[in-house]
Amino acid sequence: MGRFILKRLALALVTLILVSMAVFAVSQLHGDVGRIILGPYASPDAVARVDHQLGVDQPLPVRYWKWATAFVRGDWGQSYLLNTPVRAMALTRLVNSLILAGFAFILIVPISIGLGVVAALSHGKVLDRLITVMGLSLIALPEFVSGVVLLVIFAVALKWLPASANVPSWNPADIIHQLLLPSIPLMFVLFGYIARMARAGTISTLDSNYVRTAVLKGLPRRVVIFRHVLRNSLLPTITVVFVQAGYLVGGLVVIETLFSYPGIGKLVFDSAQGHDVPMLEATVLLIAIIYMVANLSADVLYAVLNPRVRLSD
Amino acid sequence: MEAVGQPPALEPIPSPDAPLGPIVTSTTVGRRARLREVGAGLLRSPVFVVGAVVLLYWVFDAIFWQLYVPQDPQAFSTSLSAPSGAHWFGTDDLGRDVFSRVLAGASSVLTISVEATLLGLIGGIAVGLIAGYYRGIVDDVLMRAVDALLSFPGIIIAILVLTVFGSSTLNVVLVIGIIFSPIVARTVRAAVLVEREREYVAAAKLLGARGPFIMAREILPNITGPIVVEATVRLAYAIFTVATLSFLGFGIQPPSPDWGLTIAQERTVLQIAPWTVLFPALALASLVIAINFVADGLKEVLES
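Chains as they are written, first to last, in my numbering: chain A, 1 to 313; chain B, 1 to 304.
Worth flagging that the hints you see were computed from the coordinates, not collected in a lab. A portion of the hints provided could be inaccurate.
Claimed, not checked - Selected chain A positions facing chain B (in silico; Cβ < 10 Å):
#1 VAL156
#2 LEU219
#3 VAL223
#4 TYR247
From the three backbone atoms N, C-alpha and C, an ideal C-beta is built for every residue, glycine too.
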């Protein structure tokens with residue numbers, strides 16, 4: 001078990017280093033830093049001076065090493081646009097995003113798993129078709145499309161919820177007021193993936209021999225489902241849930257832009273628009289780390305819950 | 001006159017140095033029967049039929065919208081007028097007819113998505129065939145590349161790359177195609193791994209056929225099923241991603257009537273003129289849902 005986790009961790013670290021190299025290389029291809037800061041009318045001398053001050057006239061590997069070691073030490077540089085330290089800004093925004101994503105997650109995971117299992121238990125009937133087609137439709141919708149339709153209905157026509165969202169206070173009413181509308185588009189996509197997985201897992205478990213044995217030996221249906229079916233069928237679903245936690249961070253770029261929510265997704269978008277290279281590098285790398293942690297947790301949890309994976313390694 | 005019950009003449013056994021045709025020639029009959037079976041299976045699925053009809057309409061619209069669009073999508077009149085007989089879906093902030101713009105908006109997103117998908121397919125099929133057939137180092141590198149790509153949200157990669165290299169539509173096609181190709185390659189590789197152990201591949205090898213010939217003429221025709229399914233799934237993702245990128249301002253630029261771009265632009269007047277964003281959003285929703293229905297129907301039928 002320990003070996004399995006260590007191996008996964010090592011693999012994730014290697015991937016992360018490769019990703020950081022790619023992020024750095026790509027963002028450094030991006031024209032002249034001094035020119036971005038000083039604007040199109042500055043003299044070439046002034047641009048060269050700023051380049052030298054920032055050290056961007058050194059060779060790429062040297063700059064990568066400096067950037068990477070500084071990043072690990074906690075010095076993420078200075079934002080060109082906002083002229084503030086990148087780290088404090090990025091972390092504050094990340095926390096805001098986690099609040100929004102966490103809200104969506106807590107609401108949708110039980111609903112998706114529940115409906116997925118219900119669909120499986122009524123396999124082939126109308127209810128199953130209904131849930132499957134609903135999932136299939138919701139999964140397809142880009143977040144901004146469902147977001148805009150929801151805005152038109154709930155913010156413009158009914159005026160129940162605000163059209164732009166902010167970080168809520170701890171008051172439950174305020175949390176729902178601020179976060180419900182922006183989190184629904186995220187929930188739509190999550191629902192599609194999680195419910196599909198829960199349904200498929202449950203259907204294949206229902207087909208297995210040990211479930212047939214449990215039914216034939218006269219166990220009540222409820223006991224069969226809760227003790228024998230769900231325990232096994234939800235295993236792959238748990239993995240999907242964690243992988244989708246990583247997806248959420250990507251979906252946040254669109255949702256936070258649409259609802260002007262001050263999270264990390266909007267920060268990525270704004271720094272891309274403003275060509276704020278240090279901020280863009282740090283936020284993208286931060287998202288990569290979260291993605292990897294989500295995937296790693298999925299693997300480890302799967303191994304913890306499933307002895308076959310754990311012991312075969 | 002030929003006897004009715006006469007057995008067909010035996011085909012000559014091809015000599016190893018003769019130019020090779022496809023080795024199993026009788027498959028054309030089998031393939032036609034299989035196609036008919038697949039077609040019948042698809043038509044029995046209401047989800048597929050609904051998806052296919054809507055998708056075909058939008059493809060038709062993307063090509064022929066100019067022939068039946070009621071007004072010039074770029075012509076100005078009274079701005080922000082509500083839906084009426086003159087303007088079925090109202091007018092936008094510049095007084096352009098929303099209905100006409102919705103009809104004109106399908107072609108950009110479909111064109112870019114299809115191009116990106118084709119690029120991803122070509123790259124992915126080539127790499128997948130080579131990796132699956134020869135195994136070895138190409139295979140290892142490919143699988144690591146897929147792992148790295150899948151451990152990252154595509155939209156973030158696209159934003160980073162487009163910010164650096166400029167957000168032309170060509171770059172959008174390239175970045176999506178390149179993100180897709182290792183994913184396609186993995187599907188193709190998995191199918192090739194099964195096929196390469198089949199007897200017809202061994203037979204082709206014995207006849208002296210070389211690797212590229214076996215891959216292109218023997219294995220490829222036998223893995224069209226998984227490739228068709230993967231292509232539709234990729235197209236669905238491509239539309240999702242292209243629309244999202246144009247909403248974020250990457251790729252298609254104003255005054256194009258592209259749906260994602262229109263929603264981004266008219267978002268500022270959403271409170272007073274919701275029709276300016278609602279109709280493009282519904283059009284886009286119908287397109288992405290339709291393609292997902294088609295992909296799901298194909299998957300059900302071809303993988304059963």
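Contradicted hints - numbers only: Checked against the structure, the hints that fail are numbers 2 and 3, while the rest are satisfied.
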